[in-house]
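Visitor: Sequence:
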Amino acid sequence: EKAFFTENHLHGTQLSETHFTESSPIETVTNNVDAVSDIEKSHSPKSLHHNQEPFPCPFCYAVNEPQVFSCYSCRAILTLSDLETLLNNEDVDQEMLKDAVTRLEAQKEQRQLNEDELTKLGIAHLNLKNLRQGYSYLSSAVEMNPNNIVLSSQVHSLALRLAELKEKAKKSDKKPPKK
Numbered sequence: 001e002k003a004f005f006t007e008n009h010l011h012g013t014q015l016s017e018t019h020f021t022e023s024s025p026i027e028t029v030t031n032n033v034d035a036v037s038d039i040e041k042s043h044s045p046k047s048l049h050h051n052q053e054p055f056p057c058p059f060c061y062a063v064n065e066p067q068v069f070s071c072y073s074c075r076a077i078l079t080l081s082d083l084e085t086l087l088n089n090e091d092v093d094q095e096m097l098k099d100a101v102t103r104l105e106a107q108k109e110q111r112q113l114n115e116d117e118l119t120k121l122g123i124a125h126l127n128l129k130n131l132r133q134g135y136s137y138l139s140s141a142v143e144m145n146p147n148n149i150v151l152s153s154q155v156h157s158l159a160l161r162l163a164e165l166k167e168k169a170k171k172s173d174k175k176p177p178k179k
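Residues 1 to 179 (the working numbering) are what the sequence shown spells out, left to right.
Derived by calculation from the structure, the hints in this document are not laboratory data.
Any given hint could turn out to be false.
[What the hints assert, rightly or not] Cut-off 27 Å, straight-line C-alpha distance, at most; resulting in silico cross-link-like pairs (DSS-like, lysine-lysine):
#1 Lys108 / Lys98
#2 Lys129 / Lys170
#3 Lys129 / Lys174
#4 Lys129 / Lys171
#5 Lys129 / Lys168
#6 Lys129 / Lys108
#7 Lys168 / Lys108
#8 Lys174 / Lys98
#9 Lys129 / Lys98
Because the structure is a prediction, the values reported are computed rather than measured.
Could you build the full structure based on these sequences and the hints that come with them?
Guide: Rendered as structure tokens:
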């Protein structure tokens, strides 16, 4: 029987995979940064990763240029790769995003959403500052495909950031009022 273990260094310069079997010694295969890019492309939702050709916004359907992080029309952040930009985006067209959320949640009532759709719904909620709901949908997307290491690490980073925001809010609530 063959076992497989993968150790990923997404923030470094290498991706290291270790393969082993009961009858053979451990073999380490090391690939360069291009392997990380290939993994991101294969595990990221198609509508939300860096495209090489124009693509429609998953929320308002406006066609955007390749490799943009925000839609020129609804101004939604389209990726989890820069959480601070996503969490601090004040320019989003609230009505367009609310319509997209309503549309996606109506689909959810009719059938089970796939990983890509749950990711879109989560990002839409984050753009609208519905942080808990966005995190919940993104966590569901990770549960649906735990092998998507890119999404999993982004959702983990989001959880850490949300915990920081919660702690910061607690501390500001405990401060005595200024006289």
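Visitor: Sort out whether Lys98 lies within 27 Å of Lys129, counting only the CA atoms.
Guide: holds, 11 Å
Visitor: Compare the distance between the alpha carbons of Lys129 and Lys171 with 27 Å, and conclude whether the hinted pair is satisfied.
Guide: The given pair, whose Cα atoms are some 20 Å apart, holds under the 27 Å limit.
Visitor: Next pair to validate is Lys174 with Lys98; report whether the Cα-Cα distance is within 27 Å.
Guide: violated, 33 Å
Visitor: Can the restraint linking Lys108 and Lys98 be considered satisfied, given a maximum Cα separation of 27 Å?
Guide: Within the cut-off at roughly 15 Å; holds.
Visitor: Holds or violated: Lys129 with Lys108, Cα cutoff 27 Å?
Guide: Roughly 20 Å separates the two Cα atoms, so the pair holds.
Visitor: Could you grab the alpha-carbon distance between Lys129 and Lys168 and see if it respects the 27 Å cut-off?
Guide: Roughly 16 Å separates the two Cα atoms, so the pair holds.
Visitor: For a C-alpha distance cap of 27 Å, please report whether Lys129 and Lys170 respect it.
Guide: The given pair, whose Cα atoms are some 18 Å apart, holds under the 27 Å limit.
Visitor: Sort out whether Lys174 lies within 27 Å of Lys129, counting only the CA atoms.
Guide: holds, 23 Å
Visitor: So if I understand the rule, the pair passes when the alpha-carbon distance is 27 Å or less; does Lys168 with Lys108 pass?
Guide: Distance ~33 Å between Lys168 and Lys108 Cα, so the pair is violated.
The structure fails hints 7, 8 (numbered hints given earlier, in ascending order).
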